[in-house]
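Novice: Each chain, letter by letter, is given below.
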Amino acid sequence: MTPRPSTFAVPWLLAGPGALFFVGLVLLPLALTVILSFHAYDYSTGIQNTFTLSHYVAVVTDGYYLEIFARTLRIAALTTLICAAIGVPEAYILSRMRDPWRSIFLLVIIGPLLVSVVVRTFGWSMLLGSQGLVNQALQLLGFPPVRILYTETAIVVALVHVMLPFMVIPVWTALQKLDPMVEAAAWTLGASHFTALRRVVMPQATLGMLSGSLIVFGLSASAFAVPALLGGRRLKMAATLVYDEYLQELNWPLGATIAIIVLAANLCIMLAYNRMVEARARRTLG
Amino acid sequence: MAFLSLERVSKEFGTFTAVCDVDLAIEKGEFVSLLGPSGCGKTTTLQMIAGLVEPTKGRISLDGRDITHEKPNRRGLGVVFQSYALFPHMTVAQNVAFGLEMRRIPQAERTERVREALALVQLSAFADRYPRQLSGGQRQRVAIARALVIAPPVLLLDEPLSNLDAKLREEMQFELRRIQRKVGTTTIMVTHDQAEALSISDRVVVMESGRMTQVDAPYRLYEQPSNAFISSFVGKTNLLAGTWRRGGASSGAEIGGVLLETPAPEIADGTPVTLSIRPEKILLCDAGAGRLDGRVASRFFLGSQWLFTVETPLGIMTVSIPNHGEEPPAEGSPVGLDWSPANLRVIADNAAAA
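Residue numbers (UniProt numbering), protein chains in the order written: chain E, 1 to 286; chain W, 1 to 354.
Be aware that one or more of the hints could be misleading.
Stated by the list, open to error - Computed footprint of chain E on chain W, listed as stretches where at least three residues anywhere in the stretch have a Cβ under 8 Å from a Cβ of chain E:
#, stretch
1, 45–52
2, 81–95
3, 99–112
Hint data in this document are derived by calculation from the structure and do not stem from the laboratory.
Predicted model, so just to flag it, every value in this text is computed and none were measured.
Glycine included, every Cβ here is placed at the ideal spot set by N, Cα and C.
Turn these sequences into a full structure, and let the hints guide you.
Specialist: Shown next as structure tokens:
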């Protein structure tokens with residue numbers, strides 16, 4: 001007979017390593033960052049051992065930071081929207097493909113993730129630069145050159161490129177679970193292909209779209225390499241701002257404050273979105 | 001001109017021929033079953049009628065109109081899928097209303113027709129449930145209501161009962177027939193279950209590896225199967241291979257030195273033939289009193305009947321006798337087998353070999 005205490009301990013022992021990992025690598029640094037954000041800072045003497053709310057007040061009242069936050073949200077939201085617009089049809093086409101094409105295209109879709117983010121982003125900066133391929137092509141066609149590099153457009157383009165797989169894969173997984181005959185049933189009842197997609201197929205992929213857009217939004221809002229390389233020195237996003245506060249200004253508490261505010265804002269938006277969409281989907285899809 | 005007709009319809013997938021030269025004419029109001037083992041092309045045939053699979057060759061016409069290449073959403077046929085294919089994110093009422101919505105039926109009429117359709121399948125109380133909250137049988141009835149509410153000229157059923165348990169399947173068979181009688185819709189059902197096909201259809205189409213091999217009323221199909229495959233696929237049977245002997249007064253098949261008398265069409269002396277006799281057409285009697293003697297090898301009690309396997313000089317024979325409430329011969333005991341020669345059927349041997 002196994003003694004009772006040890007059976008009681010089994011779940012704890014099994015969950016232990018994972019929990020320790022989580023505490024050590026996520027909760028602890030996060031807690032330290034929160035504490036750091038309340039430390040006072042002096043430019044001549046560094047971090048003080050006194051506590052203050054002044055960083056939070058400074059960030060919330062300064063238009064400079066607010067503008068960067070707004071830009072971060074705007075870029076993340078736009079990237080999510082474009083990823084959904086491209087990724088959902090892409091996932092549908094993928095789910096209707098047969099092997100070997102499906103495997104090949106799946107690889108093509110995941111492709112961007114296999115290349116280092118820095119290399120990929122430099123690639124984009126070469127394409128989008130003032131003498132890049134895009135501008136050369138425009139000039140050949142008789143258009144005036146446009147400034148793309150170091151604009152929000154460049155950031156969104158590069159973000160969409162890397163985020164697309166995070167949208168395609170959850171939606172594809174959701175579509176895989178669908179009975180293909182359900183779509184056929186809609187046709188036999190008189191629905192056109194488009195109506196069947198809109199009324200029958202897409203509503204069932206809602207949960208996939210939800211998780212896809214949450215991943216894309218979260219990753220885009222905290223993206224660092226893409227805005228750092230394609231946004232230039234002026235066009236900052238939240239992550240590059242935090243980097244600058246830490247490594248250029250050496251004002252760690254202010255950097256920590258910004259990081260915490262971004263995290264809180266991100267969490268609020270994602271939870272609200274999740275609640276809104278998931279509640280509706282769960283009610284009907286069960 | 002039949003209401004729905006298939007003329008030399010074939011479907012090839014690459015080099016594989018799924019359906020080959022199917023010719024079928026179905027009258028208005030008929031209930032026709034496509035019966036066959038899995039992979040015989042029956043579902044492909046149904047999907048070609050529904051418009052979900054395009055025929056490689058041939059012509060399908062409905063009420064004089066060629067629909068061979070028409071899109072499924074223009075045909076207006078009602079289809080009940082094997083998986084039911086209900087819309088999981090819509091309520092029962094929304095599922096049923098979908099087809100009417102696509103036809104732009106005004107709201108008031110739509111509500112009324114949905115109510116009628118749900119009443120027909122006895123699901124009025126479940127209008128606001130989601131499919132996942134229903135049992136298998138209820139889902140199936142929703143699928144039927146959804147297909148019938150658009151008043152289709154033809155109702156197509158793809159293995160409609162195969163996902164139900166035995167008892168429910170039997171109930172739904174009669175339910176299906178009741179509904180079909182009531183609305184009078186021409187119905188085509190695909191099934192691999194011969195009992196299902198025999199019990200509710202007006203005509204049964206037997207399909208074997210892509211071809212139609214017999215089209216007949218259930219009773220005639222059972223009594224006069226055109227080949228050995230059908231006679232063993234539709235019901236149980238005993239198949240005996242022998243040689244045809246023509247005598248003066250009696251002609252019959254010689255099997256293992258025994259001449260079995262059969263009234264049969266003109267067959268040349270010495271032709272190899274296959275005989276078929278149904279288990280329920282054989283009677284058990286005392287040893288020596290029948291046409292053939294044997295010994296009971298095993299017996300199975302099926303409630304309403306007993307199923308015997310009897311060892312005879314001609315091989316193992318299956319016999320079924322109704323349960324008369326008395327203990328029948330025990331295992332190992334000698335018995336005689338008797339039958340009326342008219343029930344011993346000759347199956348053309350070329351068909352049996354195919």
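Novice: Does each hint fit the structure? Answer for all of them.
Specialist: Hints and how they fare:
1. Coverage of the stretch 45–52 of chain W by chain E holds. Counting CB-CB distances below 8 Å, 3 residues qualify, and the rule asks for three or more.
2. As drawn, the stretch 81–95 of chain W meets chain E at 9 residues by the rule of a beta-carbon pair under 8 Å; at three or more, the given contact holds.
3. Under the rule that three or more residues need a Cβ within less than 8 Å of chain E, the assignment of the stretch 99–112 of chain W holds, with 3 such residues.
Violated hints: none; the structure is consistent with every hint.
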